[in-house]
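Chains A and B supply the protein sequences, listed in that same order.
Sequential numbering from 1 applies to the first sequence in UniProt numbering.
Sequential numbering from 1 applies to the second sequence in UniProt numbering.
Incorrect hints may have been included.
Which copy is meant is left open, because identical chains are indistinguishable; a pair holds if it fits in one copy or across any two.
As the list claims (entries may be wrong) - With a Cα cut of at most 25 Å, we get these calculated SDA-like pairs of lysine to any residue:
(1) Lys94 / Arg54
(2) Lys49 / Gly169
(3) Lys94 / Gly169
(4) Lys49 / Ala168
(5) Lys94 / Trp19
(6) Lys29 / Asp179
(7) Lys29 / Arg88
(8) Lys94 / Glu12
(9) Lys49 / Ala30
(10) Lys49 / Gly25
(11) Lys49 / Glu106
(12) Lys94 / Leu182
(13) Lys29 / Ser5
(14) Lys29 / Glu89
(15) Lys94 / Gly25
(16) Lys49 / Glu20
(17) Lys29 / Val3
(18) Lys49 / Arg136
(19) Lys49 / Gly84
It should be emphasised that the hints constitute simulated quantities derived from the structure, not laboratory data.
2 protein chains.
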Amino acid sequence: MAVMSTSERLIESTRELLWERGYVGTSPKAIQQRSGVGQGSMYHHFDGKPDLARAAISRTAAQMRAQIDAQLSRPGTAMERITGYLRRERDVLKGCAIGGLTQDPEIIADDSLRQPVDETLRWLRGRLAEVLAQGRDQGEIAATLDPAATATAVVAVLQGGYVLARAAGSAEPFTVAVDGILGLLASA
Amino acid sequence: MAVMSTSERLIESTRELLWERGYVGTSPKAIQQRSGVGQGSMYHHFDGKPDLARAAISRTAAQMRAQIDAQLSRPGTAMERITGYLRRERDVLKGCAIGGLTQDPEIIADDSLRQPVDETLRWLRGRLAEVLAQGRDQGEIAATLDPAATATAVVAVLQGGYVLARAAGSAEPFTVAVDGILGLLASA
DNA sequence: GTCTATATTTCGATAGAC
DNA sequence: GTCTATCGAAATATAGAC
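With the hints as extra help, turn the sequences into a complete structure.
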């Protein structure tokens, strides 16, 4: 890993831990150990755990948005781009770094932590709706489908696919769920 | 609430807390306070937190299975039964009492806790696949659709719908996602 | 900016009296 | 079966020296 400032190392370690263990399951001590930053140093740069989490979540949200936008902006038909996004390689068993946070009661209770999560998922729904609207205009999918509702269902399949995969201890249900929604889109 | 034995009160309180706060976020002390059962008493009836969680999760799983099975066994066409299940009244913002557990790293790490979760979601996929196969045989949905994959997508939409709703702080995305998958099923 | 010391609560449980 | 006492570790910081 490239050389990073103390602040950067703290944010990156917090990002990892939030993904692996959630907010409630992540302790300041664990962040210090993973980052190699001392107690005093950590509290010098950040007010505490919520402050660190805010920085980490905002960065993860921005990064996810950029990555997905790039993927959906590639050349190809609407269905090709959506298929490419749904089937892209993922560490399925780790779950979604953003969506997974919604299970945490302390994230949901704190608007400043919930908001970046909400914005990211809301943006994704909108972006997919745009692509689906293009597909409808090009006659790739039925004109009767509502792009916004269909896009929300697609995002939900991804988020729910992670849930099923983690329960099963296998990526298989995720893949099957994606096949299922693509089958429905193809025949609609 | 009806009079309950000490053991029952512990299990019921643990069920509630697991739903509200997850496994990592639920402490033995909180269980004692909610149930009104003392420390010594709790450790007399159960070995500890994992043991209590096993009892609570198993009960929630059995109850969910029975309730959904009853709903899907009602009279009506396949699409009517599926629509009834997807649109039934729910406390959407609480999320799924079973699916939500998959976000917890300690649940996933412990096979005896993960297994009832996996079995429940696996059973649900299978049960919905049966209903979809009936619908296909009756010509309600396209013969080209794979019932198993479609059922998995439907379950994923529910689980993902909870995620989107909790992020938004509103049931709306859940409802929209359900409308989206029903629209796809209707036009397929 | 970073370090070590200290502080208060809670976690998750065990021990042993009643 | 239930109660109170006790325990070692971890959570989440604050204080103050360097």
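Here's how the hints hold up against the structure:
| no. | hint | verdict |
| --- | --- | --- |
| 1 | Lys94 / Arg54 | both (20 Å within a copy, 23 Å between copies) |
| 2 | Lys49 / Gly169 | between (30 Å within a copy, 22 Å between copies) |
| 3 | Lys94 / Gly169 | both (10 Å within a copy, 24 Å between copies) |
| 4 | Lys49 / Ala168 | between (32 Å within a copy, 23 Å between copies) |
| 5 | Lys94 / Trp19 | both (7 Å within a copy, 21 Å between copies) |
| 6 | Lys29 / Asp179 | neither (42 Å within a copy, 45 Å between copies) |
| 7 | Lys29 / Arg88 | neither (35 Å within a copy, 44 Å between copies) |
| 8 | Lys94 / Glu12 | within (16 Å within a copy, 30 Å between copies) |
| 9 | Lys49 / Ala30 | both (11 Å within a copy, 22 Å between copies) |
| 10 | Lys49 / Gly25 | both (12 Å within a copy, 16 Å between copies) |
| 11 | Lys49 / Glu106 | both (11 Å within a copy, 21 Å between copies) |
| 12 | Lys94 / Leu182 | within (23 Å within a copy, 29 Å between copies) |
| 13 | Lys29 / Ser5 | within (19 Å within a copy, 40 Å between copies) |
| 14 | Lys29 / Glu89 | neither (32 Å within a copy, 42 Å between copies) |
| 15 | Lys94 / Gly25 | both (15 Å within a copy, 19 Å between copies) |
| 16 | Lys49 / Glu20 | both (16 Å within a copy, 21 Å between copies) |
| 17 | Lys29 / Val3 | within (22 Å within a copy, 44 Å between copies) |
| 18 | Lys49 / Arg136 | neither (46 Å within a copy, 52 Å between copies) |
| 19 | Lys49 / Gly84 | neither (37 Å within a copy, 43 Å between copies) |
This entry does not satisfy hints 6, 7, 14, 18, 19, going by the numbered hints stated previously.
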